[in-house]
Amino acid sequence: MGREVVIMGAAETDIGKLPTTSTLELHLEGARRALADANLTKDQVDGIASVSVPGPIQVSHALGITPTYVDGTGVGGSSFLFHVRHATAAIKAGYADVVLITHGESGRSRVGAPPYPRANDSVMAQFEMPYGIVGPPTSFTVPARRFLHETDNTLEQLAEVAVAQRRWAARNPRATFRDEVTVDDVLGAKMIADPFTLLMCCLVTDGGGALVVASREFAEAHGSDKPLVHILGTGEAATTPLISQMEDMTRCKQFTLSSQAAFKESGTSTADIDHLMIYDAFAHVPLYGLEDMGFVGRGESGAFIADGHTSPGGRLPMNTNGGGMSYTHTGMYGMFAIQESVRQLRGEAAAQVDDVSTSLVLGNGGMFMSAATLILANQP
Amino acid sequence: MTQHSTRTATPEVSPEARFAPRATPETQPYWDATAAGRLDLPRCRPCDQVFFYPRSSCPQCGSTDLEWVTCSGKGLLHTYVVSHRPAPGFPVPTVIAVVELEEGPRMMTNLVDADPETLELDMPVEVRFEQRTGAAVPVFAPVPENAGKESA
Ligand SMILES: [Zn+2]
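If you read the protein sequences in the order shown, they are chains A and B. Counting in the working numbering, the first sequence runs from 1 upward without gaps. Counting in the working numbering, the second sequence runs from 381 upward without gaps.
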């Protein structure tokens, strides 16, 4: 079966509003902190993975690394889960020993950040942008009304997603929003794209983070004394670049495909998962995730969250950092979802859950465009 | 009218100020048709599939044996949001919708000439064309109550 692969280092940068830090610098600071966490020097890294801007070549050059394994997969906020999957395969194949995966995004302050796309002849520009779409809040949200209609989940249950995650954020000093909220608070907040109010939408922040992925054998020989996080199974899938072209607007096919692959590879099922991270760019995404991965039946996700099962003390703690809606969201949040799973498995999370031995991370990319799943554990 | 981007309390609501798409060679027939008041889409001859968005092979069977067909312009309101975010040239609020065409494909669009409060999923809608700078963009409006009976 080849070598076992682990996450041996993980760290985030400062997060929030960082107007004096560039996009590149967020990558570099994340990388330095993750290497320090792993007790490695940059010269022990032979592989690099990062999204297309500023790109793996820029990041590794700035750090003084000459990688012999390079991954520039850029498929949205799920990219970092793809990077972990690809790094796992590369390490098993012997193409790399130590892969550094970096994220940095000046999502709020836009320092050294790329301009938003201006092309007017891309497929998206021709067939979606002419309709008053101004970023994800007005397009990622479009399927939700159909989802509620067909699944009988309710608007109040949609709001409960934000309520549950704020309970976790209230326990996390690094979270941006920490005051608990009620369903009435969520439904009464400023309307963004009806039925979505401001509190059902993710934050826009600056921040970064990095992971060091290596063979277990390398990590045990060279790493710090931090607990190793074992990568048990992974999956990835991509469907449509246009949200209007989802095969079924009430199901996210790549959530199902990527999680099935990860469950199969790891030999686990939903019942084995102690802790869950589902990329929550908007409040409906965790509902799709719970249903499409099979944690609950069709139409049961809203009640599951409203009944407190994903909240502190619940049987399936989810988005325990507060998530993209309350903790932080730089634009490509996937890195932060992985970081929280690592912290929970190491026992060092701000809102630590008891007895977490297996954690699943589901990353969404773009607007229901791509997804990847990681199943992680504190034992091989 | 000014080319300067000035911040005003009430931005101008005008179709000409809205985002204007530009065709590629492959999509030119689609935009030529909308300019002539038709909604044309590619149909795959071998499998009879009409598909959106226009492209050079059939997403179902892979064939490049395609022809352009004119759609009826009728469809059903599949899903929507009522956007309160300001977009250049658009009124606030604006209904951003996905319509399922009678021929099968779904497409992003705006629902116009409708009170957002009266919308219902699966209500019948029909195409209209909104003139932008250099392109006519297909949008949809509810079918009047009695119009459906006449054509049924
Ligand atoms: Zn065909």
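Rather than coming from a laboratory, the hints here were simulated on the basis of the structure. The structure presented is a predicted model; accordingly, all values stated were derived computationally and were not measured. Hints are supplied without guarantee of correctness; some may be wrong.
[As the list claims (entries may be wrong)] Examples of chain A residues toward chain B, derived with CB under 8 Å: (1) Thr141; (2) Arg145; (3) His149; (4) Thr151; (5) Ala193; (6) Asp194; (7) Ser244.
Backbone N, C-alpha and C fix where the C-beta goes; we use that ideal spot for every residue, glycine too.
Each hint, compared with the structure:
1. Thr141: holds, 5 Å
2. Arg145: This hint holds: Arg145 (chain A) lies near chain B, its Cβ roughly 5 Å from the closest one there, short of 8 Å.
3. His149: holds, 5 Å
4. Thr151: Violated - the Cβ of Thr151 (chain A) stays beyond 8 Å from chain B, reaching only about 13 Å at its closest.
5. Ala193: With a minimum Cβ separation of about 4 Å from chain B (threshold 8 Å), the hint on Ala193 (chain A) holds.
6. Asp194: Asp194 (chain A) check passes; min Cβ-Cβ to chain B is 4 Å, inside 8 Å.
7. Ser244: holds, 4 Å
Going down the numbered hints, you'll see the structure goes against just number 4.
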